[in-house]
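**Q** For the record, the sequence lines run as chains D and Y.
84 is the number of the first residue of the first sequence in the working numbering; add one for each residue after it.
-5 is the number of the first residue of the second sequence in the working numbering; add one for each residue after it.
These are computed hints drawn from the structure, not numbers from a lab.
Remember, predicted model here, so these are calculated numbers, not experimental data.
Possibly wrong hints are sitting among the right ones.
Cβ-to-Cβ under 8 Å is the rule here; a few derived chain D residues that face chain Y [claimed, not checked]:
(1) Ile140
(2) Lys176
(3) Ala180
(4) Leu186
In silico SDA-like links for lysine to any residue, alpha-carbon gap of 25 Å or less [claimed, not checked]:
(5) Lys136(D) - Leu56(Y)
(6) Lys194(Y) - Pro246(D)
(7) Lys196(Y) - Gly99(D)
(8) Lys194(Y) - Ser115(D)
(9) Lys45(Y) - Asn183(D)
(10) Lys196(Y) - Phe195(D)
(11) Lys136(D) - Pro29(Y)
(12) Lys194(Y) - Asp135(D)
(13) Lys250(D) - Pro29(Y)
(14) Lys625(D) - Phe504(D)
(15) Lys250(D) - Gly76(Y)
(16) Lys95(D) - Leu56(Y)
Don't be surprised by glycine CBs; every beta carbon is placed ideally from N, CA and C.
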Amino acid sequence: MANFYTDNKNMKFHLGHPLMEKIVRLKEQNYSDKDKFDYAPTDFEDTIDSYDKVLEIVGEICGDIIGPNAESVDHDGPTIVNNEVVYAPGTQKNLDAINNAGLFGMSLPREFGGLNFSMVPYVMAAELVSRADAGFANIWGLQDCAETIHEFGSQEIKEEFLPRFPKGATAAMDLTEPDAGSDLQAVQLKATWDEASKVWRLNGVKRFITNGDADVSLVLARSEEGTSDARGLSLFVYDRADKAMTIRRIENKLGIKGSPTCELVFSNAPAQLVGDRKMGLIKYVMSLMNSARLGVGAQSVGIAEAAYREALKYAFEREQFGKAIAQYPAVYEMLTWMSVRVDAIRSLLYETARFVDVYKAYNFVAETRKLEADERQDSKNFQKLADAFTPLLKLISSEYCNSIAYDSLQIHGGTGFMKDFPIERIYRDARITTIYEGTSQLQVVAAIKGVTSGTYLKAIKDYEAQPIKPEHEYLRRTLADMTIRFEAAQAKVENLKDGDMLDFHARRLVEIAGNIILGYLLLGDAQREERFTRSATIFIVKADSENRQKESYIQHFDPRQLGLYKATLEA
Amino acid sequence: MSFRIIVLAKQVPDTRNVGKDAMKADGTVNRAALPAIFNPEDLNALEMALKVKDSIPGAEILIVSMGPGRAAEIIRESMYRGADGGVLVSDRKFAGSDTLATSYTLSLAVKKLAPYHLLIAGRQAIDGDTAQVGPQTAEKLEIPQITYAEDVVAVDSSSITIKRRLERGIEVVKSPYPCAVTVHGSAAPCRPRNAKLVMKFKHARTLSELQEETKDYTEMRADRPYLNILEWSVDDIQADVEKLGLSGSPTKVKKIDNVVLQAKESRQFSSDEKDIDQLMKELIASHIVG
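Go ahead and model the full structure; you've got the sequences and the hints to work with.
**A** Here it is, written out as structure tokens:
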């Protein structure tokens, strides 16, 4: 009888953010659906109430079904039977429960059978599922593919595929290949137009494909013969019913073992083009990847929450030298720092989700009417913020998630190293988050643009200008001081006018900016609810000293010493 | 005539998490100290009804619950899972009813919903554990009853075949309609609430609840009659007041004892076949396992 939504009041706290009113207004467009659908809301309050009630269902399924199944799913894993992926029995039970509850297609419009939820509650559901079973969260999260079809597909493709998702169709995004991982421009899988049967034909291999045997797959393929870069790639949709794909194997992974990672061979597989030719990687996959990165953010926060709860529980149960180990300073400092970081990345997660929400809602409004000039500007600003915050979120949340899982296992001591407690699974599951959907190193490449373009600084200045309780003023002053030092560190690197040096310090600069942003977000939370003052205070003080260390390194680094690092290449 | 299934469901105090305030000094249950929940075996009953509904096109499920105003929540919870509507039988005059008075009241409410095919209820409620209300209601309605049901083996528009979970095995029985079925806790658990149904029915209210709402969604209510949960009083079911409440309840609580369970003696059994056999026989004889 556990409920992962109601047992964590921080979820509802973020659902109550002031920006939700604007998001819901854009998303529900004057609540016009209420005359067509008996489950559509009639006003803002009604919408938030629906979000709340549906998240309660998600929380209950996570607490009572998905969470309890996680251990057996991790143990059993998926198998291949007659060229089909068969999920672990627990995974199938999870899927049945989610389907019975009508939760798939959460963000799709009602005309396709969806719930028309905004990103915030959809991302919350992803966080809840991840806390219960991070591997299952991938199968849940791949409904993002429906969103991509909805955004970019033709009307016929939308009508053919979208209504299938709310009825339980699973999805996959088939991007990577043996020689095209981080570098998707190198994709080789071939798409050729078959004039006789008027379909595209796919031929080639895809590797490391999560949920590869899904009902509906989005496949990135080379449609332009003779090309070798991103401009020759298009996006296709493949229907499993066509049975023109073989599953070569399921990978044996360190973690998220319930999520089938497949190697696929397409042989003359019929497929339909999504959107325009040549826009596959440049536009559609970039958008899909952004949703997926937001998804990994949610997954990271969910895993971190689970890891923290396991540590807290164990630290109070386990007694040594006559008292619970939680009572020892070395342990309670770890526990506190874990919970503060969970608060911080959750705040960043929902801030990013809100930015995505606003500009995506504008895009759909734009399909029904022309946006006013100020709306277009507003939409553009939010898109800019979303694009800058998404890699920052992916980077920081996944790194924190790993360090929180590490600390949680440490608190478990020798017991944590055994297979007897959930933490060993959580620890293994956490590991992938800094790797897939773009490694941390690649997130830095995207996020450094937020530093050089001034987008982070502008966001920071906006936060700084927000009204604040007088007793929090000293925290704001600390953050303002950190901002001045951030600008100085950035100037120091930029003045070297050396691309290598910018690359070298990129991660440090991104993390310095990230710390200031997280500090302001927690401070903002503390304005709405007093209990966040603790997290904000602890975080800002720590971040200040962490930033000083990084800044000192940047300020004192002799560029000639870069050669010492490069020497590795010559060895 | 559509296939009508009536499910009897009760809101009960959650006696599974009993604290020290669970009982009042006079030996009655302190309802304020315990959260009100959907009686667990009634959820099994609802699932069985939903399963029947899934296999008979056009079937409808109506919930009948007797209790105070807040028990309307049970009807909403059922609608969130696939029930079509329900009736809250509520009146101060029902207060203090034992199983006899309760089954009398429920039988009148069910009669008012006739014709129906199936009457399904949980075996027993966790606040009284009598397992009498279902069978007594069936008796008063003069319909056949299948108790301890675990699963529906077959169902069509003329009969239902049920697997019964009994102490020493299982039994499969078939009955024509109308008939009553009481469902055992070993039956399938109830499906989760459905997102769209929750959003569709969350504004469903009884008339008494509506009077307390600050925001009544009047306009929406006019177009959506299913948002009105029926509420029946003593007069609505034309009950004989003498047969209701305390006056209609021959059961009287004489006294309540606090039972403290403790191990009084221990016995040693070796792990050989003979001793284990002996242990099992004793446990079965004393109804500890069965």
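**Q** Check the structure against each numbered hint from earlier and tell me which ones fail, lowest number first.
**A** Failing hints, ascending: 2, 13, 14, 16.
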